[in-house]
Amino acid sequence: AQSVAQPEDQVNVAEGNPLTVKCTYSVSGNPYLFWYVQYPNRGLQFLLKYITGDNLVKGSYGFEAEFNKSQTSFHLKKPSALVSDSALYFCAVRPLFSGTYKYIFGTGTRLKVLA
Amino acid sequence: DSGVTQTPKHLITATGQRVTLRCSPRSGDLSVYWYQQSLDQGLQFLIQYYNGEERAKGNILERFSAQQFPDLHSELNLSSLELGDSALYFCASSVTPDRPGELFFGEGSRLTVL
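Order-wise, the sequence lines are chains A and B.
Using the working numbering, read the first sequence as starting at 294 and increasing by one per residue.
Using the working numbering, read the second sequence as starting at 1037 and increasing by one per residue.
By construction, these hints were calculated from the structure, which means they are not laboratory data.
Remember, it's a predicted structure, so these values are computed and weren't measured experimentally.
Mixed in with the good hints there might be a few duds.
Taking lysine to aspartate or glutamate and the DMTMM-like style, the derived pairs with C-alpha atoms no more than 20 Å apart in a straight line are [what the hints assert, rightly or not]:
#1 A/395 to B/1089
#2 A/315 to A/301
#3 A/395 to B/1090
#4 A/342 to B/1111
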């Protein structure tokens, strides 16, 4: 079965420190990979995506993500966290050439940046 | 603003009732996705339409149904509501499912079943 795992329900980091939110996936073929952020009482907002090419992709608000094919991971990173980064983060995959048009989301990781 | 409009934003109803949630996708987007977000279930894919036709089905209950109209807006119908149906229902749109890009999400419809 195709799936996305976000192993941490919550990540706490001090403001100014680097942050990592983990994501691993299990899908056949080469998927498209995405990160979304959700602020309280809001819809999900697109942060970044990996299609092909450079394994390090840069996105909105200073976030970046590293694609690792051998480990089937797509971890979200930011060099210096801000309190305003506190939100719920979702990893998603879209399998290619699988005959399905579904985007599969992880269960989300709550990021809390402490002042 | 994502350009995706969902109504109503909030809805309170009783068990056994029926409700309709509406979604207008971004201008030009042909594909609409419906997701359910509840506290302990994360984001669950329900169903996807492309240009009026159903393209993919997820964990959608038989009590739920959806359709996409010629003007591309979509409606999600929830009937015989149960307490467990209380959740945030999101609609998302994209240009086409054949060229996977980012999804654009609405602000959601929060359904409370009492």
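Hint by hint, here is what the structure shows:
| no. | hint | in the structure |
| --- | --- | --- |
| 1 | A/395 to B/1089 | holds (15 Å) |
| 2 | A/315 to A/301 | holds (7 Å) |
| 3 | A/395 to B/1090 | holds (12 Å) |
| 4 | A/342 to B/1111 | violated (28 Å) |
Violation of the numbered hints given earlier is confined to hint 4; every other hint is satisfied by the structure.
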